[in-house]
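J.: Chain by chain, the residues run as shown.
There are 2 protein chains.
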Amino acid sequence: MSKPDATQAPGNPQYARLLELISEVRDIQGIGALLFWDQQVIMPRGGAASRGNHLALVNKLRHERFTSPEIGRLLEGLRSYEESLPYDSDEASTIRVTRREYAKATKLPPELVVRASRAATEGYTVWLAAREARDYGVFRPALEKTVAVTREIAETLGYEDHPMDALLDQHEPGMKVADVETLFAELRTALVPLAKAIAAKGDIVDSAFLQQPFDRAKQLALGLEAVKAIGYDPEIRGRMDISVHPYTIDIALDDVRITTRVNENYVGQSFFACLHEAGHGIYGQGLPGKFGRSILGDGASAGLHESQSRLWENVVGRSRAFWQSFFPRLEAHFPTQLAAATPESIYRAVNRVRPSLIRVEADEVTYNLHIMVRFELEKAVFDGKLEVKDLAEAWNAKFKEYLGIAPSDDLTGILQDIHWSMSFGANFTSYTIGNVASIQLYEEAVKQYPDMTERIARGDFAALFGWMKDNLHVHAAKFTPQETLERVTGKPLTAAPYLGYIKRKFTDIYGL
Amino acid sequence: MSKPDATQAPGNPQYARLLELISEVRDIQGIGALLFWDQQVIMPRGGAASRGNHLALVNKLRHERFTSPEIGRLLEGLRSYEESLPYDSDEASTIRVTRREYAKATKLPPELVVRASRAATEGYTVWLAAREARDYGVFRPALEKTVAVTREIAETLGYEDHPMDALLDQHEPGMKVADVETLFAELRTALVPLAKAIAAKGDIVDSAFLQQPFDRAKQLALGLEAVKAIGYDPEIRGRMDISVHPYTIDIALDDVRITTRVNENYVGQSFFACLHEAGHGIYGQGLPGKFGRSILGDGASAGLHESQSRLWENVVGRSRAFWQSFFPRLEAHFPTQLAAATPESIYRAVNRVRPSLIRVEADEVTYNLHIMVRFELEKAVFDGKLEVKDLAEAWNAKFKEYLGIAPSDDLTGILQDIHWSMSFGANFTSYTIGNVASIQLYEEAVKQYPDMTERIARGDFAALFGWMKDNLHVHAAKFTPQETLERVTGKPLTAAPYLGYIKRKFTDIYGL
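Chains as they are written, first to last, in the working numbering: chain A, 1 to 512; chain B, 1 to 512.
Just so you know, the hints here were simulated from the structure itself, not pulled from any lab data.
Check the hints yourself; a few may be wrong.
It does not matter which identical chain is meant; a pair holds if it fits inside one copy or across any two.
Stated by the list, open to error - Taking lysine to aspartate or glutamate and the EDC-like style, the derived pairs with C-alpha atoms no more than 20 Å apart in a straight line are:
#: 1; residue 1: Lys218; residue 2: Glu331
#: 2; residue 1: Lys503; residue 2: Glu152
#: 3; residue 1: Lys379; residue 2: Glu122
#: 4; residue 1: Lys290; residue 2: Asp88
#: 5; residue 1: Lys107; residue 2: Glu76
#: 6; residue 1: Lys176; residue 2: Asp363
#: 7; residue 1: Lys491; residue 2: Glu70
#: 8; residue 1: Lys398; residue 2: Asp233
#: 9; residue 1: Lys107; residue 2: Asp206
#: 10; residue 1: Lys60; residue 2: Glu70
#: 11; residue 1: Lys60; residue 2: Glu24
#: 12; residue 1: Lys505; residue 2: Asp383
#: 13; residue 1: Lys107; residue 2: Asp161
#: 14; residue 1: Lys145; residue 2: Glu235
#: 15; residue 1: Lys398; residue 2: Asp383
#: 16; residue 1: Lys196; residue 2: Asp390
#: 17; residue 1: Lys469; residue 2: Glu181
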């Protein structure tokens with residue numbers, strides 16, 4: 001049997017025991033990650049039913065082990081030890097984060113966890129059927145159940161100001177709905193007029209040449225080159241495979257796998273999925289090895305994880321500098337398709353702004369408006385101002401208001417995301433937090449490397465990669481997202497850098 | 001949460017509870033199988049250390065859950081229920097087999113399980129180093145530890161006649177060392193003179209044309225065709241992949257995966273590995289679905305599992321009839337290499353007999369002699385007649401005695417098999433039991449289908465596949481191997497059919 005990898009405290013047997021118990025919980029989590037990865041990438045169809053049983057058992061075992069009374073007793077016993085240590089020490093952070101997560105986990109009775117899990121499984125199935133039928137009415141009864149159980153979870157976890165605070169806290173520890181509303185208001189004020197100004201210029205950016213046949217194998221080879229170039233390791237400590245929905249999964253710190261999906265008639269889909277997932281993968285592979293089996297061995301929050309994926313996908317991958325260095329590689333794979341293209345035409349094409357119905361295809365200017373629609377609808381439901389039965393109609397109205405367009409059916413409207421099939425409330429905010437944080441972090445890196453643009457333009461990503469590793473990844477999950485941003489950038493989450501970036505970039509592209 | 005799949009007994013709540021507890025143990029086993037499969041086939045190298053932790057945890061969880069006092073109490077409480085049921089009912093069999101396995105598992109203290117597991121991990125590492133050095137002396141100290149811990153396990157499990165009975169029982173429930181010795185004596189008496197008679201005829205079978213360059217991808221395509229043809233499903237309920245050592249792994253009854261390995265200069269290696277593993281896979285896929293999460297959801301023993309792999313690899317795959325139907329498929333992939341070949345020349349080539357040093361490359365006549373060498377050395381060690389330090393020398397002497405040749409170094413001698421790096425005692429006997437049982441079962445199938453040879457000659461494997469499913473697989477792990485053979489063939493394990501088959505086949509090929 002091996003020892004827990006996390007920071008050792010041979011002097012305190014209670015702390016050592018806590019690490020030991022947590023390392024099992026983390027191992028169970030890694031096992032669950034492999035079960036999920038295999039299910040999405042490899043598993044023969046026949047294995048589906050058993051896999052459901054295997055995953056349910058792993059969740060049950062994880063909850064059982066993590067909520068064991070022994071962990072509770074150890075946390076009590078370790079109070080004075082924790083107080084004797086610096087707040088930012090590995091030991092104090094381990095105890096603090098375990099205490100926080102333990103408090104949440106033990107509040108939820110196993111019966112409620114099981115009920116929520118059942119609602120999610122059923123919700124997913126019904127959502128698929130509703131998509132087939134392109135009819136929100138099919139989905140509505142399942143969503144009502146999910147909303148009810150989610151509300152019950154929020155009440156059980158408890159909150160001071162708003163029930164959604166309890167849910168948001170699961171993704172972004174310490175953040176509140178009020179913080180999100182302030183952030184969103186600032187973004188909305190700037191982005192809605194910007195999107196309108198761009199629309200007023202007409203469709204002046206040509207991206208049609210990205211949409212023609214591109215060989216599948218070559219797209220994958222290109223994606224693999226790109227993820228390696230920016231610093232993700234897909235060979236020794238990771239893999240890149242194909243799945244229906246691209247994602248990143250941490251089986252262990254030395255086994256962080258990403259997936260992509262290929263559209264044979266559009267070269268952008270797989271390419272940016274690769275960069276996005278590699279950004280997550282770099283964060284996972286970049287966490288300090290000592291946290292391998294520790295509760296701290298994770299990103300600081302869903303939003304900060306997203307900051308890393310959006311950094312490499314957008315801030316780097318959709319930058320002019322990037323295409324100066326990367327254009328020859330793209331051209332080498334697709335000389336015919338790109339015969340008339342230039343680095344500048346690629347740069348413009350991958351930044352074409354157009355109000356669209358589908359979130360995952362949205363450009364950087366309108367993306368956050370998609371998130372706001374969802375967040376505001378969720379909050380209206382929680383506040384009793386909107387009923388689930390009226391959600392589709394409200395969705396379409398909000399779209400019209402923020403993006404000037406409305407879906408023609410529920411499939412391109414309220415049924416587009418998987419998220420509400422499994423839970424409801426504060427799922428989407430992490431995406432916008434990630435967008436905003438990506439620039440806040442990038443600008444901090446530029447302070448140390450004022451020639452960052454030139455570096456990227458010559459294909460040198462080591463400075464940015466290394467800065468993120470040394471300044472962000474090093475903290476792993478020791479602090480809340482706001483604490484982490486304060487430590488790394490001197491400020492909590494701040495919209496100004498992001499809005500400055502968006503305005504500069506698109507004013508230039510659209511000649512505003 | 002889903003219900004256990006095994007036979008339901010709504011009338012008896014203790015039985016229902018037993019099924020529920022066992023279904024979790026089986027799920028943990030399936031999860032461990034996936035961890036192992038991924039480790040061998042897919043895992044990036046960096047994941048090795050974590051995977052060790054994950055596998056150790058799964059073994060610990062399985063042991064914890066299976067040896068829980070609640071299972072003991074249920075088994076006690078179910079005695080009169082069991083006695084009220086027919087012996088061969090699913091319910092009585094479930095209780096009986098659980099009782100048997102529970103008794104063994106609870107005898108072993110977790111500390112001993114952990115120590116054996118450590119010895120195996122260490123032994124495997126040292127074995128690899130010894131292979132590098134081609135020196136048994138490097139391996140010896142580790143093997144001494146393994147022998148000591150294996151002996152301790154045997155003493156802890158207990159036995160009536162011979163300590164190796166306790167170990168053999170783990171692979172072949174109910175069989176004893178004395179049974180194996182009787183079987184081996186009968187085989188030895190017939191096979192040693194036969195091998196000598198064949199050797200006296202000279203090297204009259206040409207197999208050189210099988211050893212030339214064969215494209216890797218085409219070999220895999222051919223293997224896939226073959227495994228599908230005989231009835232293994234590599235698409236919906238299984239997969240076929242590549243690994244260093246070919247094997248079959250049951251993640252669930254509907255997710256049974258096989259692997260092969262390719263030698264680009266010999267077409268036989270991958271082809272027969274495919275047939276062999278597909279034989280195991282067909283058994284796994286052929287078990288009744290109702291046993292999916294039951295303790296009965298397995299083959300009757302390691303030896304009966306081997307009977308199915310050897311059936312398809314040898315009895316079918318090395319038969320004249322098989323090559324009458326399969327030759328055109330082989331030729332279609334490799335027209336150049338097989339320009340001068342005929343079904344008959346392939347048949348003869350894949351049956352060339354030659355005393356050889358490596359077990360896994362041995363022909364049907366000499367294969368069992370390899371097994372006897374190992375079994376007799378193991379027994380001599382257990383009987384105190386041979387010391388571990390003298391094993392390599394004894395190995396070479398036994399080879400000279402049975403096969404007329406001796407290894408030139410330890411790599412082609414005592415260091416060739418992985419088995420002794422992880423355990424010692426009665427590991428190998430199941431291979432010979434499988435060979436013998438394969439013919440006993442085949443001949444029983446022929447009684448129902450007297451035209452079996454003609455069927456195979458026209459590529460119709462459905463009769464043989466279906467007969468095995470209906471007559472052998474249907475019993476799953478309800479009975480001991482001897483009970484199973486009695487039920488299926490009317491006799492316990494009997495050498496005569498196998499010896500008759502070997503004599504007929506090779507008398508013909510070698511014109512004896």
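J.: Against each hint, give a clear statement of whether it holds in the structure.
T.: Right, here's what the structure says about each hint:
1. For a Cα distance limit of 20 Å, the shortest separation of Lys218 from Glu331 inside one copy, 11 Å, qualifies, whereas the shortest one across copies, 33 Å, does not.
2. Taking identical chains as interchangeable, the C-alpha atoms of Lys503 and Glu152 are never at most 20 Å apart, the minima being 42 Å within one chain and 74 Å between chains.
3. Taking identical chains as interchangeable, the C-alpha atoms of Lys379 and Glu122 are never at most 20 Å apart, the minima being 23 Å within one chain and 57 Å between chains.
4. Taking CA atoms no more than 20 Å apart as the test, Lys290 paired with Asp88 passes inside one copy only; the shortest distance there is 15 Å, against 54 Å between copies.
5. With identical chains, the CA atoms of Lys107 and Glu76 are at most 20 Å apart within one copy only, with a shortest distance of 16 Å there and 37 Å across copies.
6. Taking identical chains as interchangeable, the C-alpha atoms of Lys176 and Asp363 are never at most 20 Å apart, the minima being 27 Å within one chain and 72 Å between chains.
7. Taking the shortest alpha-carbon separations for Lys491 and Glu70, neither the intra-copy value of 38 Å nor the inter-copy value of 56 Å comes in at or below 20 Å.
8. Taking the closest pair of Cα atoms, Lys398 and Asp233 never come within 20 Å of each other, the shortest separation being 41 Å inside a single copy and 50 Å across copies.
9. Proximity of Lys107 to Asp206 under the C-alpha cut-off of 20 Å is found in neither arrangement, the shortest distances being 54 Å within a copy and 74 Å between copies.
10. Taking the shortest Cα distances, Lys60 and Glu70 sit within 20 Å of each other both inside one copy (17 Å) and across copies (19 Å).
11. Proximity of Lys60 to Glu24 under the C-alpha cut-off of 20 Å is found in both arrangements, the shortest distances being 13 Å within a copy and 11 Å between copies.
12. Taking the closest pair of Cα atoms, Lys505 and Asp383 never come within 20 Å of each other, the shortest separation being 37 Å inside a single copy and 82 Å across copies.
13. Taking identical chains as interchangeable, the C-alpha atoms of Lys107 and Asp161 lie at most 20 Å apart only when both belong to the same chain, with a minimum of 18 Å there against 57 Å between chains.
14. Taking CA atoms no more than 20 Å apart as the test, Lys145 paired with Glu235 passes in neither setting, with 43 Å inside one copy and 36 Å between copies.
15. Taking identical chains as interchangeable, the C-alpha atoms of Lys398 and Asp383 lie at most 20 Å apart only when both belong to the same chain, with a minimum of 17 Å there against 83 Å between chains.
16. In this assembly of identical chains, Lys196 and Asp390 lie within 20 Å of each other by CA distance neither inside one copy nor across copies; the values are 28 Å within and 87 Å between.
17. In this homomeric assembly, Lys469 and Glu181 never come within 20 Å of each other (Cα to Cα): the closest approach is 30 Å inside a single copy and 64 Å across copies.
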